[in-house]
Amino acid sequence: MRKPHKSKKKRIAKTIGKAPGADGYVGQKFRETTDIEIQDYSKEGVHVIKTNNVEDAFKFKTTDQITWINVNGLNHTEEISKLGHYYGLHPLVMEDILNTDHRPKVDEYEDYFFVVLKMLYFNKDEQFTVEHISLVLGKNYVLTFQESEEDIFDSVRSRIANPESRIRMFGADYLAFALIDTIVDNYFAVIEDFGEKIEALEDQVFNENPDDETPKSIQFLKREVLKIRRSVFPLREVISRIEKSENPIIEERNRDYYRDTYDHVIQINENIEIYRDMVWGLMDMYMTTVSNKMNNIMKVLTIIATIFIPLTFIAGIYGMNFEHMPELHYKYSYYILWAVMVLVFLGMLYYFRRKRWL
Amino acid sequence: MRKPHKSKKKRIAKTIGKAPGADGYVGQKFRETTDIEIQDYSKEGVHVIKTNNVEDAFKFKTTDQITWINVNGLNHTEEISKLGHYYGLHPLVMEDILNTDHRPKVDEYEDYFFVVLKMLYFNKDEQFTVEHISLVLGKNYVLTFQESEEDIFDSVRSRIANPESRIRMFGADYLAFALIDTIVDNYFAVIEDFGEKIEALEDQVFNENPDDETPKSIQFLKREVLKIRRSVFPLREVISRIEKSENPIIEERNRDYYRDTYDHVIQINENIEIYRDMVWGLMDMYMTTVSNKMNNIMKVLTIIATIFIPLTFIAGIYGMNFEHMPELHYKYSYYILWAVMVLVFLGMLYYFRRKRWL
Amino acid sequence: MRKPHKSKKKRIAKTIGKAPGADGYVGQKFRETTDIEIQDYSKEGVHVIKTNNVEDAFKFKTTDQITWINVNGLNHTEEISKLGHYYGLHPLVMEDILNTDHRPKVDEYEDYFFVVLKMLYFNKDEQFTVEHISLVLGKNYVLTFQESEEDIFDSVRSRIANPESRIRMFGADYLAFALIDTIVDNYFAVIEDFGEKIEALEDQVFNENPDDETPKSIQFLKREVLKIRRSVFPLREVISRIEKSENPIIEERNRDYYRDTYDHVIQINENIEIYRDMVWGLMDMYMTTVSNKMNNIMKVLTIIATIFIPLTFIAGIYGMNFEHMPELHYKYSYYILWAVMVLVFLGMLYYFRRKRWL
Amino acid sequence: MRKPHKSKKKRIAKTIGKAPGADGYVGQKFRETTDIEIQDYSKEGVHVIKTNNVEDAFKFKTTDQITWINVNGLNHTEEISKLGHYYGLHPLVMEDILNTDHRPKVDEYEDYFFVVLKMLYFNKDEQFTVEHISLVLGKNYVLTFQESEEDIFDSVRSRIANPESRIRMFGADYLAFALIDTIVDNYFAVIEDFGEKIEALEDQVFNENPDDETPKSIQFLKREVLKIRRSVFPLREVISRIEKSENPIIEERNRDYYRDTYDHVIQINENIEIYRDMVWGLMDMYMTTVSNKMNNIMKVLTIIATIFIPLTFIAGIYGMNFEHMPELHYKYSYYILWAVMVLVFLGMLYYFRRKRWL
Amino acid sequence: MRKPHKSKKKRIAKTIGKAPGADGYVGQKFRETTDIEIQDYSKEGVHVIKTNNVEDAFKFKTTDQITWINVNGLNHTEEISKLGHYYGLHPLVMEDILNTDHRPKVDEYEDYFFVVLKMLYFNKDEQFTVEHISLVLGKNYVLTFQESEEDIFDSVRSRIANPESRIRMFGADYLAFALIDTIVDNYFAVIEDFGEKIEALEDQVFNENPDDETPKSIQFLKREVLKIRRSVFPLREVISRIEKSENPIIEERNRDYYRDTYDHVIQINENIEIYRDMVWGLMDMYMTTVSNKMNNIMKVLTIIATIFIPLTFIAGIYGMNFEHMPELHYKYSYYILWAVMVLVFLGMLYYFRRKRWL
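Residue numbers (my numbering), protein chains in the order written: chain A, 174 to 531; chain B, 174 to 531; chain C, 174 to 531; chain D, 174 to 531; chain E, 174 to 531.
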């Protein structure tokens, strides 16, 4: 994640001053074909269609059933454009579907809601992935636009397949809720992973030997936490505005579900704040540990030096070559000197112990 | 409290994408049987029933009296489900009763309030315990759901037993208040215990010798304070919303009691903030103490070294073996040298004393 | 102020789960008798009665005059209870009069206001005193409940005694204002005292030699500032709510006075914030001073060591006992060596001076 | 600004418990006489009167023209009292005119506004001056009360003198605006002066040698910034409340001017916040600089010591007086030893250079 | 950007106390002539006129077409004054057009909006430029006032030239949106440039050797971030107020576009906050790196000193000249001593390794 800036700069340079609505994908995930998955269902049954041709999706608009059209691959701007025009989406909506830098938000239009979210998940190779996903919720349809094929909606698909499930009874707003709720539930797993990383670092700082790489790891975690926070924080308002909207697209009986998701988002935000505090505290802890180690090093130096420097001085005195040094000729001088040195040594030890340096 | 994450991860993995309301206990406290305690009372008298069979609780719904059904052991999801269906609870309420990770909140439904709280207490073995407790307040019944058998409601039970008590005169909303108030009152005891731990650490940092373990203890306290804060902080809004609700379940005359509890919650929050400041300040104090100790160590080293290094140099000079060193042959050289050394020594001492290093 | 916690814990243990309104004094100031002082006045005149019998206070309720009943000694809960029942106070009010831990607040009941305040003052022995005081303001009476006999209301008493004073013209709400205003005015004196303590510490940190006790003093001040802040901060809302209340107990013409007190409270809060910043800054300053001192110590060590260590090495060279060391036999070696050593010494001095270490 | 506290304490002691409105000047600027300057003007012409007798100001109340009465010297409380009574000012207003400690505020009375401001300026001797100024804005008069003769209103006076100026066309509310706007404009000059001081300190910290006095200067600036902030911050609300007031004293067409001043106050507040951040950052910078210097000192010590300590040890070895030391008798020992020493020396240099310490 | 203060001071000194509306340019960019560019267009066609004579712009006011008049060079206050008077702009608007220090804001007048913005861009020489730009949006005209000839509006010009573009279909409010949107889009490019600078510094702090210049660079970035923040932050409210205005100048169908720009501004603010956190964190990282380096230096010193100081002492002992030192005469003394020294050396190494200092 070091050098995406330069390429992004060019991207932005391309779009500055353009009329809004001009379709331009600014992300970096490319797919060869547009994969479109259509689920058309009602209490009675489900039609599932997978296609690469966007026109296959058009005929479902007029049916009474609930239609979920999931589009993968935002680089095929033309097909997405067609679908957007067919469903009468505003040019600004078209722009924001493709602008993967956009923060989460909800826009309420007369006959549909437009929701931008960030999907965080671990992909097939267990890599952490941030994906831009937009969702259009109309009277009896839901459109979702994703960057890559992989997603986390399999559980929703199987609930649609189950004729007993609530999702089959309720409207498109419940489907949208189910999709958003799945995304939000997944945040828990992602931030938990963070919690574990933080605890591992904490162990390292406290118990094992933190090294010069530790502050880098802490700094890295800091930034990651800020990134996740940025994806999740605006969700609070997004979901609250859907829940409080008076648009008849949101049925009264489904508001409770959105409120529940709202509670979850608040809880996630709280957890992120706690992790944030913990990561910031980690740096302090690291500094304390380092400073304590330094203290111990200094202590050893001081003890050694303060013991031996005076002794060396005494030895130096009797290494002098003056002709007239009476002590040199006295028979027991050498032994007396040793006695003195041992006494100095023990005195120093006693002093250090009283000062609790040993 | 080091490694609960991994198990939690699995728990969450199990619930991601599930339809809400699907009953699933995510806590870690298991009980073999569901213990149900029913108190059915009015001004005239009290029936107390303890049972393991959830159906025993059903007949009280139709009575005119106030009914308090207390369920222990959230791992028996089926029985709780039955009770919930009997009392017509929303699937999301059923989910939140079992989701012990949920933060405190209140949801107002048409004919009942659903309140999630954290009960903090010291259990029989004087261990600090955090317990998830949910409370359903209907027209003339209160349901409480707890994780473990032990609780702090004995005083409420004895007030119910007392025919003179206000609790017998007033409605279910007063009972709910009494339960919530007992939980809130107990927070005072818990945070006081924290205050004592903080003061003990403060004494250690200030007066005794802080050791390398001290920052760990401080960090531990930091996290504990954040945890308690997280349990208590949302209560403010919870109780305010009950008090301000226009639902007839809350009688006008009982609002004052809720407002009083609200005052207590604010006071607890204030205390937590103060403890938080104190714990954060502790770390600074620790650093200062450590840094002062280091200073003293350095001072000793410097004094010893600056006194003896020059003296050793002088001794070294006259230890040289040049043939032509006139001082060596002069009779009083040695005594003069001692005089010089003593003067240097005293000069140094004077210098250090003037600099206030001694 | 070190060990009040343990006793407090017992106190709280006693009250957890009790029905509210159950009278229980939790403070620590005990008086043998209840002292009651009654001032019954109108434009025409003043009756002052001092008694220990609470029933003496009852007859004034029915008079048309303004009655101020001041009760000293909260440990006599029974007498206070009687008075409370006579004046029809809510059980929660009775509880809060005795709960000296309660934070400042105002509760508006139908026919009276209940105000909790903290009175900060220097008592007869010039000791800093925090006292819990509650005030009940009814149509034509004011009740005040204090912990100890001493108070700061003498100026109000003398204004009541003065037949020309505004206090005699206006109603009970003006009397309540005068009492609150006196309490608030006294905060200025208290926080000024703090300002002086802070400045003294600042002088110590800057100019004199801060010692190892200094951080303790700073920490102590920190906590004191937090304590005062906690007493004063909630007052803002308390007074604002009285002023904005539409209760006819507060006369229109007296609202300006309450607004003025509100301004004073804001100003005090501002001053406290400034002192808080100053105390926090003091710790930084102390650290800086200590760190500067350490720097100077290190500098001396380094200068001495870097000068004499190389010189000692040179002396050591010529102290060696090799048979073949030509320099030893050269006549001027010794003088040349001295010259070299002086040059090294001067070179070092020059280097240090250029580096601005000297 | 070190010791004003003691005198202030006495002042406050005098006013605690006094009835509000009791006139008492608490400032420290004394003038022998009350200087009163009256400007009575309309489109047609201007009368300017300077007098020491407050009764000279009374006759202008009844004229139709705009009257600006400027009173200098707040220690003459009696004259100010007279003027206040004549213009029907509330006792609390009288109190606040004299209470120079009061923070900026606006009070709206039925037929006048009362505004308290702080005038910051550089006086004739280029000294920074904080002056308490109050302003009463009535239907067709403006009263201003200042502590000292000097002020910054000369530009307003000359605009009144100019028959073409807007000030002559518009009402008293425009005059009040002009006065407030002049005060606000002057804040820019004052905070700019701060900016320069901060930059000078920054230069000192970065480029020149910061000394032990630097933290004192920084601490001094910190406090000054807080003081200015305290004078300016409340202005935001003051001016906003004048602008939004529905009182007919403020003409509709003049609201734009007040809004413009409001914008300026916001801008000043923003600048103060920036300066605040800068001053706080300065302390960090100072610490960093000091810490870097320390590092360099330690480096020199370490390099010298690690080079010469081992060499001295080697020299010491061959200074020993053992009878049997074969090296001593070998002819080239001395030269070999020098070679070894030079190698050790070069090796150390290489090591330090690789570690980038040199 | 070091010394603009002095000149600014004079500027401000000139304007203090002046009547508002008095035209006075306070910026520092001077142009010889006023360049005026007029675009008068409708669906049918476009007239583009470039002139230096302000009167050429007057005739377009009465046309039904949309007119965009762009004025370059704010130092020609007289011409701007003329244009302002012709379009009936308020004197305060005239003042703010020329006051380049003014923060972004919007003022709504009866028949026009007045918007102040900061244009940030890289000019022809790739230098970072901050330019004050004001925009007046009337029923069918837009006036823009810039300091220098260069701007970032070329893309808007080409969209006007394109007969198919939305800008030709919609009203003046859409033109104003297009201009503001272009300015906002450009902020992205500018803050990205910052991101790169921050990352470069981060690399320097982490991987390469940070030097004494690094804190200066960090401090510089800190201030730059604050400056940009100050330009961008108020935009949030500016655009929100335009969008929410009920003035018919803003057509209903164009509100979505303003809301979209509002989203962008929020996103930019968020990015700035993130960069701010990063820059602040950089300083901490730098301190940590420096402190780690210091630790390593101290470690080397300590290891060398603690190894050789005792050894030197031992050598010193046997350099003494006592007559009676039996060891000196023993044949293997010298070899035994070497053995002892090697053992001490190895023991020290082992100790350091166990302490993980090596």
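Bear in mind the hints are in silico, worked out from the structure with no lab data behind them. Worth double-checking, as some hints may not be accurate.
Copies of the same chain look alike in the list, so a pair counts if it works inside one copy or between any two.
What the hints assert, rightly or not - Calculated lysine to aspartate or glutamate pairs in the EDC-like style (CA-CA distance at most 16 Å, straight line): (1) K466 / E425; (2) K297 / E416; (3) K312 / E425; (4) K528 / E446; (5) K472 / D385; (6) K472 / E397; (7) K370 / D450; (8) K312 / E283; (9) K232 / D213; (10) K466 / E424; (11) K395 / D450; (12) K472 / D376; (13) K389 / D457; (14) K528 / D384; (15) K528 / D385; (16) K417 / D280; (17) K370 / E386; (18) K466 / D384.
Hints, verified against the model:
| no. | hint | verdict |
| --- | --- | --- |
| 1 | K466 / E425 | neither (62 Å within a copy, 63 Å between copies) |
| 2 | K297 / E416 | neither (33 Å within a copy, 44 Å between copies) |
| 3 | K312 / E425 | within (14 Å within a copy, 23 Å between copies) |
| 4 | K528 / E446 | neither (42 Å within a copy, 37 Å between copies) |
| 5 | K472 / D385 | between (22 Å within a copy, 14 Å between copies) |
| 6 | K472 / E397 | neither (38 Å within a copy, 33 Å between copies) |
| 7 | K370 / D450 | within (14 Å within a copy, 21 Å between copies) |
| 8 | K312 / E283 | within (11 Å within a copy, 27 Å between copies) |
| 9 | K232 / D213 | within (11 Å within a copy, 45 Å between copies) |
| 10 | K466 / E424 | neither (62 Å within a copy, 63 Å between copies) |
| 11 | K395 / D450 | both (10 Å within a copy, 10 Å between copies) |
| 12 | K472 / D376 | neither (25 Å within a copy, 24 Å between copies) |
| 13 | K389 / D457 | both (14 Å within a copy, 11 Å between copies) |
| 14 | K528 / D384 | between (30 Å within a copy, 14 Å between copies) |
| 15 | K528 / D385 | between (31 Å within a copy, 15 Å between copies) |
| 16 | K417 / D280 | both (13 Å within a copy, 15 Å between copies) |
| 17 | K370 / E386 | within (15 Å within a copy, 22 Å between copies) |
| 18 | K466 / D384 | both (12 Å within a copy, 12 Å between copies) |
Comparing the model with each numbered hint stated earlier shows that hints 1, 2, 4, 6, 10, 12 do not hold.
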